[in-house]
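With our numbering as the guide, the letters of the sequence shown map in order to residues 572 to 625.
In silico lysine-lysine, DSS-like type, Cα no more than 27 Å apart, as pairs:
#: 1; residue 1: K598; residue 2: K573
#: 2; residue 1: K573; residue 2: K625
#: 3; residue 1: K581; residue 2: K606
#: 4; residue 1: K573; residue 2: K606
#: 5; residue 1: K573; residue 2: K583
#: 6; residue 1: K625; residue 2: K583
#: 7; residue 1: K581; residue 2: K598
#: 8; residue 1: K625; residue 2: K606
#: 9; residue 1: K598; residue 2: K625
#: 10; residue 1: K583; residue 2: K598
#: 11; residue 1: K583; residue 2: K606
#: 12; residue 1: K581; residue 2: K625
No lab work stands behind these hints, which were simulated from the structure alone.
Computed from a prediction, not measured in an experiment: that's the story for all the values here.
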Amino acid sequence: MKIDLYDRIKLKSGYEASVVEILEEQKAYICDIDKEDDTYTEFVNYDEIEQLIK
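Can you make the complete structure from the sequences, with help from the hints?
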């Protein structure tokens, strides 16, 4: 799937996130992940992404 900057995604962990930087297309991203009551900026591998929400 094609993921663009600022797309909303759902991770296999169940969390939702926003893509804030594309390190390598279909390989690695920096995302703001919404967890519990806060947002965390973390490295996300392509294989951790379940679906594109947009």
